[in-house]
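K.L.:
Sequence order for the protein chains is A and B. For the first sequence, this note's numbering assigns the number 285 to the initial residue and increments by one for each residue that follows. For the second sequence, this note's numbering assigns the number 40 to the initial residue and increments by one for each residue that follows.
None of these hints come from the bench; they were simulated from the model. It is possible that part of the hints are untrue.
[Said to hold, decoys possible] Below, in silico cross-link-like pairs of lysine to aspartate or glutamate (EDC-like), each with a Cα-Cα straight-line distance of 20 Å or less: (1) B:Lys242 x B:Asp45; (2) A:Lys424 x A:Glu388; (3) B:Lys242 x A:Asp340; (4) B:Lys322 x B:Glu311; (5) B:Lys42 x A:Asp340; (6) B:Lys211 x B:Asp239; (7) A:Lys424 x A:Glu459; (8) B:Lys322 x B:Glu67; (9) B:Lys42 x A:Asp402; (10) A:Lys346 x A:Glu388; (11) B:Lys304 x A:Asp384; (12) B:Lys304 x A:Asp402; (13) B:Lys42 x A:Asp343; (14) A:Lys424 x A:Asp384.
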Amino acid sequence: MRVGVLALQGDFREHAALVRGLGAEAVLVRRAEELTGIGSLIVPGGESTTIGKLADRFDLVKPLRDVIAGGLPTLGTCAGLIFLAAGTTGPSQIQLGVLDVVVERNAFGRQVDSFETDLSVSGLAAPLHAVFIRAPIVDKVGAEVEVLASVGDDPVMVRQGNIIATSFHPELTGETRVHELMLKLEG
Amino acid sequence: MEKATDRVKRGLAEMLKGGVIMDVVDAEQARIAEEAGAVAVMALERVPADIRADGGVARMSDPGMIERIQASVTIPVMAKARIGHFVEAQVLQSLGVDYIDESEVLTPADEEHHIDKWSFNAPFVCGARNLGEALRRIGEGAAMIRTKGEAGTGDVVEAVRHFRTIDGQIQKLTTMKHEELMSVARDLGAPYDLVQEVADTGKLPVVNFAAGGLATPADAALMMQLGVDGVFVGSGIFKSGDPAVRAKAIVEATTYYEDASIVAKVSRDLGEPMVGIGVTELKEGERLAGRGW
């Protein structure tokens, strides 16, 4: 199984190492043609404005939108969640709009307010240790979107069909269950 | 819920990887940097080239200026404190600065001691010329390392030297027998447990960026191919003829650092680069990298 990891900026190497540990092949994606032949896609953590601008300048926005809307199993973490979403509560930025949510960026505050905590996730037996770094929350959820985990009342993990997205970074904690969930979405 | 853990502090640097952090002196420059695709901005009063030209004592920036920059962008905002000046660091932390750079570019406040970075909730980045220096800073709590290079020169040679030195020392450690590590720790002047960790993993325990003298897209791509995690560009952008265009080009070359045709494309018609100073033209006292130990 080939997993594409969008490698414009951010912690894509951690995602690639994680899926290799699960026995999959990881392919770094920086060009539209590198989307061919992958069975799933990861949009990593990073700076969502940077990832959006690079995707736009290197003509990746439409190809990414097409493959994800076409049903490719996709996981987005943190900046990945923002990039997949339909909007933000703040200034407009380049987003794919394939995930029907509006996100609030840096919702917990600045870096000194970043944190780690145990989360209970719908469908997972044991709690998941999650690290939130200048993390977004999901502010508005579309009809097709299922909330899988929340911090207080704020959704931090959602699923819509072939897409799973998290506010936190499973790739930084040695946690494999989120990636396994995404790989299972594959038909 | 736990805040300010090692993982949280080091984690933000993980998110900056593959990106460009740009020096800015006001909100307008910060917006240009964000628009170009910077992953973070470094707020400072004068870029290193001007600090070099003006002389005098270089200090932490005005908090009002930092707040105006914070209000103007959504990306992380870093700021510099003088080496050993823990009160400047306390002030920066109280402003909610996302990363504090304990920087040799400013005039040191303490010639013997660096800041005890463990006592802060805000993460720190520090410069290093070699593995011993990097591990001393990590031992004091730094959550990110950058090469010192030679800031404000536009000459990349020192950044290359510092990265190759650190990288070579790491490679050598991985080939050594366990009983050899204590004498290496002594010679490096580095904490033994960190020496052992690097010998086991073959890498620094924190993210390592290039800084100090990068001025062109090719400089950024050079450092990325050598193996750094990302780049800082200081005077190189806003002391050049067309900062917005150059900033964007450096961002693109940092992502596509392995593709010479893209580096060539973005390097075309960039206008005047910053006026450089060859590092070999500097007198010993004019080198910033020698500050701190």
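K.L.:
Each hint: holds or not?
P.N.:
Outcome of the hint check:
The suggested pairing of Lys242 (chain B) with Asp45 (chain B) holds, with an alpha-carbon distance near 17 Å, which does not exceed 20 Å. Taken as a hint, the Lys424 (chain A) and Glu388 (chain A) pair is honoured in the structure, with Cα atoms around 9 Å apart against an allowance of 20 Å. Proposed proximity of Lys242 (chain B) and Asp340 (chain A) is contradicted: the alpha carbons are some 33 Å apart, above 20 Å. With a C-alpha separation of about 26 Å, the suggested pairing of Lys322 (chain B) with Glu311 (chain B) is violated against the 20 Å cut-off.
Restraint check: the Cα-Cα separation between Lys42 (chain B) and Asp340 (chain A) comes to about 35 Å, which exceeds 20 Å; the hinted pair is violated. Taken as a hint, the Lys211 (chain B) and Asp239 (chain B) pair is honoured in the structure, with Cα atoms around 12 Å apart against an allowance of 20 Å. Restraint check: the Cα-Cα separation between Lys424 (chain A) and Glu459 (chain A) comes to about 27 Å, which exceeds 20 Å; the hinted pair is violated. Restraint check: the Cα-Cα separation between Lys322 (chain B) and Glu67 (chain B) comes to about 34 Å, which exceeds 20 Å; the hinted pair is violated.
With a CA separation close to 13 Å, the supplied pair Lys42 (chain B) and Asp402 (chain A) stays within the 20 Å bound. Between Lys346 (chain A) and Glu388 (chain A) the alpha-carbon distance is near 24 Å, which puts this suggested pair outside the 20 Å criterion. About 36 Å separates the Cα atoms of Lys304 (chain B) and Asp384 (chain A), which puts this hinted pair outside 20 Å; it is violated. Restraint check for Lys304 (chain B) and Asp402 (chain A): the C-alpha separation of about 47 Å exceeds 20 Å, so the hint is violated.
For the hint linking Lys42 (chain B) to Asp343 (chain A), the alpha-carbon distance of about 38 Å lies beyond 20 Å, and the restraint is violated. A distance of roughly 8 Å separates the Cα atoms of Lys424 (chain A) and Asp384 (chain A); the hinted pair therefore holds under the 20 Å criterion.
Comparing the model with each earlier hint shows violations of hints 3, 4, 5, 7, 8, 10, 11, 12 and 13; every other hint is respected.
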